[in-house]
Each structure stands twice: as C-alpha cells, then as structure tokens.
Amino acid sequence: MIEVIFVIVSLIFLAIASYNDTKTKEVPDWISYSLIIIGFSLSLLASIVNKDYKIILFSVIGFLIMYLIALIMYYTKQWGGGDAKLLMGLGTMFYYYPSFLLKYFSPSIEKFPFVLIIFINLIIYGALYSLIWAVFLSIKNKKAFKLRFRSIYNENSTLTVRKIGVIMSLVLIVLSFFVVSEKNLLPLFILLATFPIIFVYAFILMKTVELSSMIKRIHIDKLTEGDWIIYDIHEKNKLIYSSKSTGVTKEQIAKIKSLKIHSVTIKEGIPFVPSFLISLILSFIFGNPITLLI
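When we follow our numbering, the leftmost residue of the sequence shown carries the number 1, and every step to the right adds one.
In case anyone wonders, no lab produced these hints; they're calculated from the structure. Mixed in with the good hints, there may be bad ones.
As a list, the in silico DSSO-like pairs of lysine-lysine whose alpha-carbon atoms are at most 27 Å apart [to be verified]:
id, residue 1, residue 2
1, K267, K257
2, K25, K103
3, K207, K238
The following label-pair restraints were derived from C-beta to C-beta distances [claimed, not checked]:
id, residue 1, residue 2, range
4, S108, I173, 24 to 32 Å
5, I124, L259, 42 to 50 Å
6, N184, T249, 51 to 59 Å
7, T291, E235, 53 to 61 Å
Even for Gly, the Cβ is constructed at its ideal location relative to N, Cα and C.
Construct the entire structure; sequences and hints are all you get.
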C-alpha cells in the first residue's frame with residue numbers, strides 16, 4: 001500500500017512542480033519539503049506497523065544518496081535549489097522499485113538501488129530534454145541565435161575543439177573495428193564513438209542559446225531568490241553579491257534594492273523539473289537504460 005501512495009504522490013507533486021517551473025521558473029518549497037516529509041513519515045509508519053526497521057532505514061539511505069548527489073549538482077550550478085530538494089524527496093520514497101508495478105512492466109532494475117536508476121535516467125533523459133528545449137529556444141529567438149551562433153562557431157577556440165572532436169570520433173570508430181569481437185555490438189560502439197562530435201556541437205548549441213535567449217535584463221522588483229546575477233555587486237569596497245554564488249538570497253535582494261539599483265542582468269535556466277517527471281515515469285517502465293543497451 002505504501003508503494004502505491006509513494007507512486008501516486010510523487011507523480012502528482014512532480015506534475016504540479018513541473019507546471020510551476022514552466023510558468024514561473026520556480027518550484028515552491030512546500031512541494032519539495034512535502035515530498036521529503038511524506039517519504040519519511042510513511043516509511044516510519046510502515047516500519048512501526050510491519051515491525052521492520054529496514055523500511056525507514058532504506059528511506060534514510062535513499063535520502064542521503066540523493067542528498068549527496070543534489071549537493072554536487074547544486075554547487076556546480078547544474079541545478080537550482082528546487083531541483084535538488086525534489087531529488088531528495090524522491091530518495092526518501094524509492095530506494096527500492098515499487099514491486100506492485102512489476103504486474104504491469106518488466107523493467108531492468110538489477111545491480112543498482114532504484115534511486116540511482118532514477119538519477120541515471122534523469123541524466124540521460126534530462127540531457128535529451130534540455131537539448132529539445134534548447135532547439136525550441138533557438139527557433140523562438142532565431143535572429144539573435146543566428147548572430148551568436150556564427151560568432152561562437154567561427155571562434156578560434158571553437159574551431160580547435162571541433163577538430164579535436166572529429167579526430168577523437170574517427171579514432172574511436174577505427175578502434176571499434178579492432179576491439180569489438182562481437183559483430184552485433186559493433187553498431188552500438190560506432191554510435192558511441194560519435195559522441196565526441198555530438199558533444200561538441202551540443203555544447204555550441206547550448207552556449208549559443210544561453211547567450212541569445214537566457215541572458216536577460218530585469219527590473220529589480222522581478223528579482224527572486226535563487227536567480228543568478230551574472231556579475232558581482234559591491235557597496236563601496238564590500239562584496240554584496242558574487243557571480244560565483246549559487247544564486248541570490250532574500251537578504252541580498254533586500255540589500256541590492258537598498259543600493260537604489262533599478263535593474264540587474266540575470267541568466268535564466270531551462271525549466272528542468274518536467275524532466276524529473278519524465279525520467280521517473282520512464283524509470284518505472286524501463287528501469288536502467290544502460291543495462292537495456294548491453
């Protein structure tokens with residue numbers, strides 16, 4: 001019963017969070033904190049009722065695993081705080097795969113705790129989701145995108161990286177013919193060998209989209225907690241906000257307003273929460289995508 005509740009609650013809350021992230025670029029704290037509280041509370045209740053301490057123990061372990069991953073993603077500026085806290089909430093609920101779903105799906109769930117399978121899917125499907133969103137933004141802002149793309153594409157540093165990507169892919173493709181003994185696996189290895197080229201052009205695309213669509217000047221009244229201002233802000237010789245931080249705080253916003261600054265330039269992120277929902281659903285259905293390819 002607890003597994004059914006976890007699945008229903010997680011899908012509903014992620015759907016609400018996805019809507020908010022798409023509309024406002026924010027995830028209300030009550031959503032992520034509610035997931036964490038519900039996960040721990042129901043796991044503790046199930047442990048007491050079933051007299052099995054392992055239920056709450058694995059809920060704590062799942063939380064700690066996702067907590068460590070979330071910290072890394074947050075402090076490397078890959079995710080915002082809302083994304084990180086949602087991951088922790090999922091960790092409290094899904095250390096194990098919900099067994100009742102095995103009646104409907106045949107996922108590959110061996111070798112890894114299910115929380116790690118969710119994260120693996122989030123990286124893979126999240127990258128695809130981000131790429132699709134980047135293409136959407138490039139079309140939406142095609143004039144600015146074209147100008148930025150030409151500039152970045154023709155830079156000497158970009159040209160060097162493009163050459164390196166092509167050389168690496170060619171070398172890996174040639175090595176595949178000598179290293180891979182099973183012919184049925186050769187197409188897969190050749191596909192993987194093209195990743196250096198794909199990565200280079202994906203990087204150029206994302207960098208162009210960032211500069212042409214995500215850097216915006218906004219009025220100070222629209223600045224919200226977690227926004228990334230792209231430059232340092234000082235009061236005389238005192239640093240008020242650092243561009244290296246993970247986002248502006250409420251206290252810093254109040255201080256910036258007191259300096260009579262009317263507008264700031266921020267870097268907007270892609271609304272990434274929908275990829276959480278997509279990845280969780282695909283994790284339920286297919287499990288670990290890596291083992292499916294092997």
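Hint check results:
1. K267 <-> K257: holds (19 Å)
2. K25 <-> K103: Violated. K25 to K103 sits at ~37 Å, over the 27 Å cutoff.
3. K207 <-> K238: violated (31 Å)
4. S108 <-> I173: 24 to 32 Å: At 28 Å between Cβs, range holds.
5. I124 <-> L259: 42 to 50 Å: Holds, at about 44 Å.
6. N184 <-> T249: 51 to 59 Å: holds (54 Å)
7. T291 <-> E235: 53 to 61 Å: holds (54 Å)
Comparing the model with each numbered hint stated earlier shows that hints 2, 3 do not hold.
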